[in-house]
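Visitor: Could you put the whole structure together from the sequences, leaning on the hints where they help?
Sequences listed follow chains B and G, in order.
No gaps in the numbering here: position 346 of the first sequence is 346 in the UniProt record's numbering, and each next residue is one more.
No gaps in the numbering here: position 298 of the second sequence is 298 in the UniProt record's numbering, and each next residue is one more.
Hints are computed from structural coordinates only; laboratory data are not their basis.
Watch out, some of these pointers could steer you wrong.
Only some residues are given here: those of chain B computed to face chain G with a beta carbon under 8 Å [what the hints assert, rightly or not]:
1) 323
2) 350
3) 390
C-beta: ideal position from N, C-alpha, C; glycine also.
The residues making up each chain are set out below.
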Amino acid sequence: MSSLSLSVVRALDEHSLLLLYGGGEGSGTASVYCGNEWTVRAVFGMLPPVEQQIVLRLATCGAGGCALGLVARRWVARPTGGVFAEGVATLEALRCVELSAAPGRRGRAAPVPRAGLPPEPAGARGRATAEPWRAREPLKADKRKPTGEQLAQWTVWRWTNVLLFLIGTDLDESAVPPPCVPRFLESAGLMAAVGDGGDVEVTGRGVDFLLKERHEQVWALVDEYIRAAGDAKGEVVALVLTLAYATPGEGYAVHELSEAQKAALDVLFALGLVYRRNASSSRFYPTTLGVDVAFGARRSAGGARAGGDFRRPVDVIVQTNFQVLAYTDAGVNTSTLVLATLNLFAELTTRLPNLVVGTISRDAIKRCVDRGIRVPQIVKFLRAHAHPAMKASGVPQNVTDQMALWAGEGNRVAFTDGVLVALDSDALYDAALDAARDLDARVHWKSARKRCLFVDADAEPDLRRRLAAAAAPRKRKAPDN
Amino acid sequence: MASAVAARAKERFEALQAEGGRGDLDGGEDGRLKDFSDLELKPDHANRPLWACPDGSIFLEARSALYGPAYDFLVAIAEPVARPEHVHEYRLTPYSLYAAVSVDIAPASICDVLDKLSKVKLPARIRAYVMDCTKNFGRAKLVLRGNRHHVESSDAAALRTLLEHAGIRGARDASEDGDGEEFRAGEVAAELAANRAYLELAAELDGSDDEGAEDDGAAAPGATLRTYSFKLKVGTAQDVKKFAANDLDFPLAEEYDFRHDLDNAVLPVDLRPSTKIRSYQEKSLSKMFGNGRARSGIIVLPCGAGKTLTAIVAAATVKRSTLVLCTNATAVAQWKAQFALWTSLDPARISLFTAEVKEDLHPECGVLITTYHMVSFGGQRSLDGERLIEAVKAREWGLMLLDEVHVVPAQTFRRVLAVCNAHCKLGLTATLVREDDLITDLNFLIGPKLYEANWMDLTKNGHLANVQCVEVWCPMAGPFYREYLRHGGCGQVASGGDLGEGAPEEAKPRAGGDARCRRLLYVMNPNKFRACEYLVHYHEQRGDKVIVFSDDVFALLKYATALGRPAIYGATKEAERQAVLGSFRFNSLVNTICLSKVGDVAIDLPEANVIVQVSSHFGSRRQEAQRLGRILRAKPSADGDGFNAFFYTLVSTDTAEMFYSAKRQQYLVDQGYTFKVVTDLPEPATSALDTRAKELDLLNSVLCADYLKEEEAEEKALTKAAKDDLRAPPPAKRTQVSLAKISGGDAGVRYLDFGKGGAPQAKAKRHKLFKSRPGAKR
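Guide: As structure tokens, this is what we get:
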């Protein structure tokens with residue numbers, strides 16, 4: 001989702017943005033490391049068409065820029081419409097356009113991003129490479145370059161482990177994602193501790209997350225990482241955006257990256273976005289997943305995705321007797337994920353080589369509800385994985401109804417606050433009862449022996465007031481007698 | 001005998017289950033996940049229709065191209081567990097295998113065909129299990145030929161095994177057979193090709209198989225199989241059967257070679273030309289007469305699918321004296337009508353034997369329709385009854401038809417079988433489920449299940465009405481729920497049962513709460529009543545015929561009175577009953593009747609298409625299915641969503657009823673029915689229970705209900721319905737009088753002293769129980 005990325009870019013501060021566009025503080029090295037024409041191009045690509053127009057036109061106006069009022073009149077059919085103004089505001093926020101404070105409202109393309117805009121002929125400003133991260137001297141020939149197949153498999157394995165971890169499956173030592181992943185999962189609210197100091201378990205948001213498109217999932221975690229990146233934000237964003245222009249499976253030199261980006265590489269490795277042979281390896285290989293993360297599958301649609309990638313691994317049939325059957329034809333790893341998800345709301349009874357049988361039960365649904373997983377999410381999951389045979393009929397209505405009823409069982413009791421009013425004397429107790437009756441307040445419980453009554457919390461102040469009013473004259477009277 | 005075999009079968013099944021369970025690897029949440037993922041998947045698994053698991057369960061894909069034949073095969077060898085829309089589940093049980101073998105499916109071909117149909121390689125464990133279960137099952141048969149029992153087998157070795165038993169050797173009639181190793185050789189017609197379709201199926205999947213080709217040869221029409229047999233001494237058949245089953249684990253199936261039975265008179269019965277038999281009826285009969293003989297067994301068809309016709313066709317095929325046993329007198333009358341409807345049998349040859357009617361048997365050969373109770377009754381009978389039962393005992397029955405076979409306790413059966421001597425027994429039922437374990441006994445008392453139809457398939461083909469099942473949730477009215485809890489109802493709600501300190505003092509649960517009262521409270525829930533009212537009005541306006549079912553007589557009468565509709569329950573007189581049923585069927589002004597559980601079975605009301613179930617017998621799955629059966633008879637039109645019959649169950653929420661309701665529906669859900677839950681039924685426009693005061697009145701009457709009285713009457717009527725000469729002891733008579741009257745202090749009573757005689761002599765009055773005793777009559 002490009003809009004996702006754009007919002008992230010907008011959220012960056014000025015300094016990070018400059019870094020992103022390859023400028024910033026005049027330090028030449030920084031511009032090489034983090035920002036470059038690729039990130040500019042990426043940001044440009046993310047812009048809506050109107051903004052793209054504005055930027056391009058302003059860029060051709062030269063460093064002086066031109067009066068925005070004029071621009072609007074000349075370029076836009078309906079200059080009074082909000083589109084133009086909005087576009088300008090967006091661009092300003094992105095530091096793509098600089099506005100002069102003068103009353104003329106002149107605008108010009110900001111110098112740094114302008115440098116990387118597409119219409120400029122390649123090489124005109126020294127863009128020597130057709131690919132990112134090729135600025136420095138190339139590495140020695142790569143002897144053990146992973147094949148596309150291997151890389152794809154590794155990606156699936158790596159990412160699936162993240163999801164399996166999310167859903168709470170016991171994983172092998174080697175498969176457990178590094179500690180940064182659980183941190184993101186938790187800070188994104190996908191996992192939460194159950195009870196006091198209990199284990200961390202998947203939440204309702206987590207289940208929603210599981211149902212999303214793959215690259216949306218990846219993006220959600222990367223987004224989480226960027227949020228937490230602090231000062232290095234701009235550099236991390238630059239890395240992720242530049243990744244979109246890399247070729248999956250090609251080796252790139254780690255030393256082309258800034259220090260912050262090198263650190264980020266570890267995280268991307270944990271998520272399966274880039275592959276490295278080991279932590280000290282001088283190369284990294286972007287995976288298809290990594291290349292797609294910023295823009296979805298748009299760029300690499302052309303055959304770059306090898307087999308073994310994320311196909312829908314499981315076909316699920318839900319029957320009217322609450323039985324769930326899952327056909328699992330793909331690799332063991334991905335099907336385990338769906339099965340683990342199924343296991344959240346169905347009790348699995350039988351497992352065959354290519355079929356898993358389970359039953360949706362009240363207990364399981366209740367468990368889900370306790371974790372904050374809602375029935376519509378479950379139904380969505382079942383629909384998303386529906387077997388072709390079930391496509392026509394969908395999830396049986398009696399099953400969805402029943403699940404909703406089960407889930408709703410917990411919502412039938414509403415709690416309202418109440419107050420226990422203890423009174424000193426029988427007379428006061430009687431007075432309180434009378435007062436409650438006059439006030440039409442509900443007395444939930446009373447005991448003459450204990451001189452207590454229990455009333456709604458909001459009725460209590462009135463009750464007290466009445467009691468005080470009733471008690472006061474009597475107190476005054478007492479000495480008289 | 002049956003119990004020993006049943007126990008052994010159970011043992012085998014449990015062993016298999018336990019072994020299957022051992023495959024646990026990672027285990028589900030509760031460790032119940034059975035992991036068979038290490039089974040070997042065949043490369044062309046997509047073309048094969050089923051999975052066979054090592055624990056004996058089988059999953060069949062209903063959308064497979066081979067579904068039809070595979071279904072026929074599976075239903076013959078396995079017990080259906082659940083048959084919803086997409087994937088069916090079956091289970092191989094010792095009984096189902098016994099049934100398979102007894103319809104001449106060889107154990108080896110069970111395994112082979114199963115293996116060919118299966119997507120996974122047939123687990124060796126299953127193969128061993130099938131072989132173990134069928135080792136002796138059905139290999140030898142008890143055949144009644146020329147009025148003498150023969151033990152027959154296609155395998156002489158089986159006979160030798162049997163003869164090793166001293167008891168059986170002793171029972172062998174050596175006078176004609178000789179005592180040696182030689183057996184009489186004979187021939188029997190090969191199994192009908194239709195029943196061997198599964199072999200073609202296997203061949204289709206695996207054309208090059210030699211064995212398949214060989215079997216095809218055997219199935220050619222008119223082919224015969226060689227058999228060996230030895231004759232038994234007169235009267236030893238039951239003993240031999242017992243020895244074989246108990247001591248040798250060698251249950252003998254029973255067959256009747258009626259085509260060669262020249263001793264018994266032929267019943268001149270033919271189907272009317274207009275009689276049409278449906279495909280599934282034909283299928284079930286072809287199982288019964290598969291090898292040209294009549295097999296004993298049970299046919300399971302849903303209510304309304306024409307069980308009676310199936311049985312009548314069987315009778316018309318065997319053409320010998322036929323004994324029909326039903327559950328009550330109403331059913332007896334219906335059977336008679338059915339015989340007249342479908343066959344050309346001379347009415348003089350049909351005799352009835354019930355409490356009211358005792359008609360003599362046709363001297364030569366005829367049909368006798370009676371009830372289980374009449375035959376199994378062990379007490380003193382009336383003169384007519386005594387004479388008739390002697391005639392029944394003396395007659396050699398060709399066919400015994402056992403209606404609603406699931407309702408009869410095994411003990412009754414044993415007595416019936418002791419009285420009647422029948423060559424072939426055919427059990428009929430809609431639901432072969434019981435909450436107790438007695439079904440398994442039927443397998444051995446009557447015979448294996450020969451055929452079981454799929455409800456959904458019949459519905460799809462229009463043989464059954466398309467029923468919309470609805471569960472209506474009615475919240476408990478406040479005062480009723482309070483009383484419910486006070487009577488210990490919270491115990492049922494488990495965790496919610498803790499009322500805690502804050503509860504009003506009077507609402508503390510009473511120790512040992514009154515279950516009966518609780519039950520009445522949730523049945524009489526005013527919200528439920530209004531829901532019932534709404535449904536009755538709604539459907540009457542649509543022109544539907546509605547039955548309101550309530551198990552509880554007190555509630556039934558309350559509902560009937562409030563609704564202003566007629567009710568039939570145990571104590572209703574037969575004449576009144578017929579009148580009400582008659583007007584329900586033919587009078588367009590009477591569109592609703594209320595029935596107690598006397599209406600559960602065997603009352604045939606083809607017009608009814610809506611059931612509103614107000615209360616029911618706890619968690620009985622069978623009752624639910626039987627009640628549904630009342631409206632299953634195919635209806636001409638389908639409007640709405642294609643549904644033309646409606647089955648409503650009214651459930652009071654937060655009571656034990658919810659739990660029972662879920663349990664009751666299990667059977668139907670497994671048959672593929674769906675229960676739609678409705679929580680917000682509109683209020684009826686006008687209600688007999690429209691004020692709170694009326695509700696409280698109702699509550700009061702519920703709490704003070706003298707339900708024991710009605711219940712007693714109901715129980716009595718239920719038993720009486722089937723009873724004959726057994727006159728119930730006169731009920732304790734209750735009359736309402738003042739204490740003064742009893743004590744003699746009643747105003748206006750005067751004591752007169754008549755000098756001589758003391759107290760007046762009571763006239764010697766014979767108790768009516770003894771009135772009709774033989775000998776005492778004249």
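Visitor: Confirm or reject each hint.
Guide: Right, here's what the structure says about each hint:
{"no.": "1", "hint": "323", "verdict": "holds (7 Å)"}
{"no.": "2", "hint": "350", "verdict": "holds (5 Å)"}
{"no.": "3", "hint": "390", "verdict": "holds (7 Å)"}
Going through the hint list in order, the structure satisfies each hint without exception.
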